[in-house]
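By the working numbering, the letter at position 104 of the sequence shown is numbered 130, and the numbering carries on one by one without gaps.
Mixed in with the good hints there might be a few duds.
Keeping only pairs whose Cα atoms sit at most 20 angstroms apart, straight-line, the calculated SDA-like set for lysine to any residue is [stated by the list, open to error]:
no., residue 1, residue 2
1, K70, E39
2, K97, A116
3, K97, K70
Derived from the structure by calculation, the hints contain no laboratory data.
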Amino acid sequence: MKVNTPLTGFSGEMIEPLGEVMLPLSLGSLSKRSTKMVKFLVVKAPSAYNIILGRLSLNIFRAIASTFHMKLKFPTSVGVGEAVGDELMARVCYVNTLKRSRKKLDEKAPNAKEKRVMIGIEHEARDTP
């Protein structure tokens with residue numbers, strides 16, 4: 027389904043969604059799993075992540091997120107389910123995002139000289155890698 031509302035990225039850039047799709051999303055382990063239909067926006071944008079769960083998705087699952095513990099907890103018919111994050115994978119995704127951001131900046135102005143202001147003194151930056 028086509029979406030007419032653009033998304034705003036973290037740095038303020040506008041991204042036009044290609045569309046939206048309803049898919050089943052399962053969270054938790056086999057014994058305490060919850061599956062719900064969730065609407066996903068499809069975008070063509072570089073990202074280290076496969077999906078980003080927003081507030082609406084978390085509300086559908088009645089989930090509570092703890093970024094410190096890298097866990098989601100949510101009710102199931104047989105108790106409280108958990109979706110546990112992978113610290114190593116989170117770090118890899120974060121580093122990949124930083125690398126892509128840096129590469130994108132370098133591609134925009136590979137030979138441009140920067141001007142920096144330090145304590146009221148203006149000078150041109152040297153070309154350093």
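Hint by hint, here is what the structure shows:
1. Under the criterion of a C-alpha separation no larger than 20 angstroms, the hint pairing K70 with E39 is consistent with the structure, at around 13 angstroms.
2. Proximity of K97 to A116 is assessed by CA-CA distance (about 12 angstroms); at most 20 angstroms being required, the pair is judged to hold.
3. Simply put, K97 and K70 have alpha-carbon atoms about 28 angstroms apart, too far for the 20 angstroms limit, and the pair is violated.
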